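Asker: Please model the entire structure based on the sequences and the hints provided.
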Amino acid sequence: MPTTRRQSLTTRYLMTCAAIGAATGVLLVPANFVAAALAPTVPVLYSAMLGLWIVGPVLALALVRRPGAAVLTMLVAGVISSASPLGASSVLTCLMVGAALELAFVVTLYRVWASWLFYAATFVFSALYTWSAFVAFDAASMAPVVQALIVGLMMASALVGTWAGLLLARRLERAGVARGLAPARRGTPVVAASDPA
Amino acid sequence: MSAGSLAGGPALPGADTADGDARLGRFAGPAWDLRTYDPLVTAFGPLPVVVWVFTTRDLLTPALVGLAALLVILLLVRPPARVVGVLLLGLPVLAALMTVSFGVLTDPRAVDGTVLLATVGPFELWSGALATGLATSLRTCALLLLVLVGGLSTTGQDVVRAMVQQLRVPYRVGYAALAALRFVPRFGHELEVIRAAHRVRGVDHGRGPLAGARRRLGYAVPLLAGGIRHGERVSLAMEARGFGAHATRTERVVVPFRVRDVAFLLATWGGAAAIALVVVAALTG
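Chains A and B supply the protein sequences, listed in that same order.
So in this note's numbering, spot 181 of the first sequence is number 181, and the numbers just go up one at a time.
If you want this note's numbering, it's the 1-based position in the second sequence plus 1000.
Source of the hints: derived by calculation from the structure; they are not laboratory data.
Since this is a predicted model, take the numbers as computed values, not measurements.
Among the hints, a few may not be true.
[Unchecked claim] Distance windows between CB atoms, simulated:
1) Ser132/A <-> Arg1195/B: 30 to 40 Å
2) Leu45/A <-> His1246/B: 49 to 59 Å
3) Arg1186/B <-> Val34/A: 22 to 32 Å
4) Leu128/A <-> Ala1274/B: 26 to 36 Å
5) Leu38/A <-> Val1253/B: 33 to 43 Å
[Stated by the list, open to error] Facing chain B, a subset of chain A residues (Cβ under 8 Å, in silico):
6) Thr16
7) Gly21
8) Pro43
9) Leu45
10) Leu72
11) Val79
12) Ile80
13) Leu86
14) Ala88
15) Val135
16) Met142
[Unchecked claim] Far from chain B by the CB rule (all over 10 Å, computed), these chain A residues:
17) Ala48
18) Val106
19) Thr108
20) Ser115
21) Val146
22) Val151
23) Met155
24) Leu172
C-beta atoms are modelled at their ideal positions from N, C-alpha and C, and glycine is treated no differently.
Answerer: Right under this line is the structure:
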């Protein structure tokens, strides 16, 4: 029996990710409807919505600090948000985001959990996503101002999403949620004594 | 749909009736119903076509692909009349909207040689820009229809079941995702409790859009904390009932992979290849 794997996939860890994923999915159902309305009419504003897909996996990774948290969370988010216009294909969209963010932590062998890695991961992902959106919307034929707006808004919204995810993770950690689930961090105490909350 | 049509269908491959009809549920239907196909095949099978359509720039290819996908949806998926109405009425409106909105965004310098159609405030609409916009809008509609083939014929839950049974995703992961569906109504209840608690304590974030955002964030943390704690309690209950004790488990709904799934995959990819290599070449001559 692969004991180490057993330990990393505890039911508590699975259901914690499932809860975060369910919350993300609930957020993404209306987001999908708004995106479906914005994409054909105001594609520039549509590009500002990217951050909504990033909050969930960042939050899960930052809070749980275990391999697979982002993928698992986004799998659940995809299943929940398949109640939106695009149906089951949202599973794939969400898995793609989760896997892309997870990749940065795979590369560092799940040893680095600093904020810069989260920002770096989202930066790389949103750059790739912006490129794909460029191809899809044929943005190369658009006015330079519009191109700059689309790139700027996408990147900015992804970084804001990361910031929000990290903020939520910090607040939840301070509230004592998921305590003992994440491996203890070296150097910093898990609960700061000076916390007013 | 019914078991009767399955028994009466002579065209079905023998594998369909081999084992456990009762456990096949709605997968035990005739081959003309795309809902009886493997969810992975219908949801992810058209993906190579999606990637290919992404890279096209002409008008004909996305129009043909979109038409083919629409035919598959109308003939094999047969969504409810309301959805058909939205598709048939909404798509042309969507295409027209996108043509104009993407046309407005097109770089005017690239289409200098064409006719200026209209000027609204700072925006100018050139006929060449409209052609670029039409290409983008046709492409987006084709992509939407391709995705809808899977989206309308299967559900997220069945995709998860198929992942567990065919992609060998650990069943503990799959069932965690299925259990999470029950968290959604729970969140609604929890939100009401948190709102009431904030009101009782007189939590005030002031007025205006910034205060609204702060209020949302104020809901987000307790909501997530409550959700995660609920998840932990559920995990205890699951473990107490022996969840994950064995390496394998039984399934209430069996997702089959049959000849029709292979046929669908081959037809999808073959159809796309035929459009790319034969039809477009023949029409543009």
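Asker: Hint by hint, say whether it matches the structure.
Answerer: Going through the hints against the structure:
no.	hint	result
1	Ser132/A <-> Arg1195/B: 30 to 40 Å	holds (39 Å)
2	Leu45/A <-> His1246/B: 49 to 59 Å	holds (50 Å)
3	Arg1186/B <-> Val34/A: 22 to 32 Å	holds (24 Å)
4	Leu128/A <-> Ala1274/B: 26 to 36 Å	holds (31 Å)
5	Leu38/A <-> Val1253/B: 33 to 43 Å	holds (36 Å)
6	Thr16	holds (5 Å)
7	Gly21	holds (6 Å)
8	Pro43	holds (7 Å)
9	Leu45	violated (11 Å)
10	Leu72	holds (6 Å)
11	Val79	holds (4 Å)
12	Ile80	holds (6 Å)
13	Leu86	holds (5 Å)
14	Ala88	holds (5 Å)
15	Val135	holds (6 Å)
16	Met142	holds (5 Å)
17	Ala48	holds (15 Å)
18	Val106	holds (17 Å)
19	Thr108	holds (23 Å)
20	Ser115	holds (18 Å)
21	Val146	violated (5 Å)
22	Val151	holds (14 Å)
23	Met155	holds (19 Å)
24	Leu172	violated (6 Å)
The structure is inconsistent with the numbered hints 9, 21 and 24, although it conforms to all the rest.
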